[in-house]
Amino acid sequence: MNIEIAEPSRMTQSGRSLLKLIQNNNMPILDLLVRESIQNSLDAGNEKSEYVAVDFNIGEFEKEKLNAELEGITNSLNNKYCKNKYNYIAIRDSNTTGLTGKLHYDDVVDNQYGNLLKLIYEISKPQEAEGAGGSWGLGKTVYFRIGIGLVIYYSRIINEDGDFESRLAASLVEDETNKDSLIPIFNGKAKRGIAWWGESIGINKTRPIINNIYINKILSIFNIDPYTDNETGTTIIIPYIDEDLLVENNQIEYKDGEENNIPLFWRNNIEDYIRISIQRWYAPRLNNKKYPYGKFLRVKINGKGIGLDTMEPAFQIVQALYNIAVTNKNSNDILENKDIIKKSEDILLRKVLKTTKAGTIAYAKVPRQVLKTGYPNNKPEPYMYFNCEIRDKEKNKPILFFTRKPGMIVSYEVVGSWVDGINSSNKDEFIFAIFVLNSNNKLTGIASDYSLEEYIRKSEMADHTSWRDFGIGNFNSRIISKIQTQVNGKISKEFFIEEEEENSKLNSGFGKMFGQLLLPPENFGKKPSSGTRKNYIDIKHLEKHKNVIFIYDCSRTSYTHEGMKVNFQIKSRGSIISTGIKVAINSESGAISVFDWENKMGLDIPFEITIANIIITKFDGQIINSIYSIDKAKPNIIDNQLTFKLIMSDKKSGYGVHISMEQEHEIECDIALTLKLNRKDIKPMFVLEKEGDK
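Just so we're aligned: the sequence shown equals residues 154 to 847 in this note's numbering.
It is worth saying that the hints were derived from the structure and are not from the lab.
Keep in mind that this is a model prediction, so the values were computed, not measured.
One or more hints might be untrue.
In silico BS3-like pairs for lysine-lysine, Cα to Cα no more than 30 Å straight-line [unchecked claim]:
(1) Lys201 - Lys482
(2) Lys482 - Lys699
(3) Lys635 - Lys718
(4) Lys510 - Lys525
(5) Lys718 - Lys495
(6) Lys804 - Lys753
(7) Lys443 - Lys370
Pair ranges (Cβ atoms, derived) [said to hold, decoys possible]:
(8) Gly458 - Ile405: 33 to 43 Å
(9) Asp316 - Ile211: 26 to 36 Å
(10) Asn422 - Arg726: 25 to 35 Å
(11) Asn485 - Arg726: 53 to 63 Å
(12) Ile405 - Asn485: 46 to 56 Å
(13) Lys233 - Asn414: 47 to 57 Å
(14) Ala343 - Lys408: 31 to 41 Å
We put the beta carbon where it would ideally sit given N, CA and C, even for glycine.
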């Protein structure tokens, strides 16, 4: 390939300045690559196809075969890189239009540059189509920062004559001030740090190569097959990559209880990292036929696809919430569980939009077990998947993410305007929320030429990681801040912990707080108390779940020489078929079930229920006040439609109460448990039983 060296000129970028244009100090560079490359592919989707396919391939190439084809820098490359083989990454899309447009500026008419000239030879020329990913034209600079600045572009299109045409070119962007820079000086002029390779059409003037035989020769260096038959698309090849540096770039470190780094499996190699990154940013559109704005996305990494069933649970939740937001319907997905509280609500703005709907917020409170973070799967915390900091080890801060028409997640937020004011959940639950923009809406007044999609698109910075209000002339409607305020309000209202007494404000979940309130002083038990402790903490703790309200009244806790008596209330929210509570063991990582404690850890249960007194106060709205008592000697009672069961462990220790009915009914009950404490150094937790548990 012949070289074309960029000459110094007025108002032009140098290689050094290009490499700094879109520096992002928060996002790992592989994430930037995934976001940019996939969005470029989606923007170029072929109208005839149902989906866009993107393949990431990571492999090795022989340096001498490639270097020999790069006129002007062959010797410099051979001297600088001493090994015979190096790694490359290639991003190949299909079912796309490819790099269309003119081959050279001499052929451009009316500023119609086309995708080829914009991507390979230009900077700051964005996509013009509404709903496209980019609005700055700077994202492509990430390609130059993945390897040594060398990028090869291969594309197959249908040209203006209706024929298939292949195109190949290369470019290099480097810091021209480095002593070991590769691009030679041209005509004694100062270095600019930019060069291209292609077919020579004059002195220091090239255009992309269209000769299929030569193109196939270059592709064979990387074991990449050319497009055939009716295929069109684009392949970006980046040689001389350092996998270790890419995988470790800009990563948040997570610590365990002993302040050791927690290893994350996707940091083992670049393939695993890209597989997670694709899910992180494109979960709403990945294999999602419910995506409403056109083509969905299919991706492979070294030939291995990402199926819906192989997506990580955290990202399955992202997609499920997206689908709820855009369809307002529940579907057969990871959130299809009666105990998961999930909801969608429209965000309405008056006076600034043609119709009031600015978008939809969908949110859910998800139990830890759905995310498979515990035994036996032991998957990482969702914050780790989203590359967010873990800011509170005792509670789980809400996680909110947002997106517009392209279906790429803009950002995951755990602090700031999107989530401030939303209560944290307990360690065994996570609040997930997604805001999906109503892209087709229009602004009113002076900004009536803008769609809401275009307004938000222009509010994003060049790296597309946030939304910000901005003014159009004298017009600044503060649309984004108003959306954020409503999002906060709606989620906070749903998961607000009601205060039944002046001092009853506590976050959801029992955790350590509950264990500490329940456990008596160290020297208790020398003689039984005559009643409730005089120095009790006068607090009622209330939790709202999808099907029931669960209340613990600490003021009614009393102590005996063997243990304690604890009182709860359960009120159904509508008709249910079963309910109950279980005792679990509190630990740093959350609740340990009695089953795991006895069978997997081989330990005796540290506390057990000896007697459970149950008062059915209301049944289908009628006051009945029926009293039932179960214990080891009489663990089951059946009374007409009601069944009461003391749940026993394998070692015959009582650790839960189960109430079931033949049909669904509304029910309210008081439960008084007598708890025998075999150990004082282990803290109990009480877990509300899932509907349907036995």
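Alanine 343 paired with lysine 408, Cβ distance criterion 31 to 41 Å: violated (49 Å)
Outcome for the supplied range 33 to 43 Å, where the beta carbon pair is glycine 458 and isoleucine 405: Violated, since glycine 458 and isoleucine 405 (Cβ atoms, about 28 Å apart) do not stay within the stated range.
Isoleucine 405 versus asparagine 485 beta-carbon gap, inside 46 to 56 Å or not: At roughly 34 Å between Cβ atoms, asparagine 485 and isoleucine 405 fall outside 46 to 56 Å, so the hint is violated.
C-beta pair asparagine 422, arginine 726: status relative to the range 25 to 35 Å that was hinted: violated (47 Å)
Distance restraint hint 53 to 63 Å, applied to the beta-carbon atoms of asparagine 485 and arginine 726: violated (24 Å)
47 to 57 Å as the expected CB spacing between asparagine 414 and lysine 233, which holds or is violated: violated (33 Å)
Agreement of lysine 804 and lysine 753 with the hint, judged by alpha carbon distance not exceeding 30 Å: Holds, at roughly 13 Å.
C-beta pair aspartate 316, isoleucine 211: status relative to the range 26 to 36 Å that was hinted: Check passed, 33 Å falls within 26 to 36 Å.
Proposed proximity, lysine 482 with lysine 201 (alpha carbon, max 30 Å): holds (28 Å)
Hint consistency between lysine 510 and lysine 525 [alpha-carbon to alpha-carbon, up to 30 Å]: Cα-Cα ~36 Å, so violated.
Restraint check for lysine 443 with lysine 370, where alpha carbons must lie at most 30 Å apart: violated (41 Å)
Pairwise hint evaluation, lysine 495 against lysine 718, where the allowed Cα distance is 30 Å at most: violated (34 Å)
The structure fails hints 3, 4, 5, 7, 8, 10, 11, 12, 13 and 14 (numbered hints given earlier, in ascending order).
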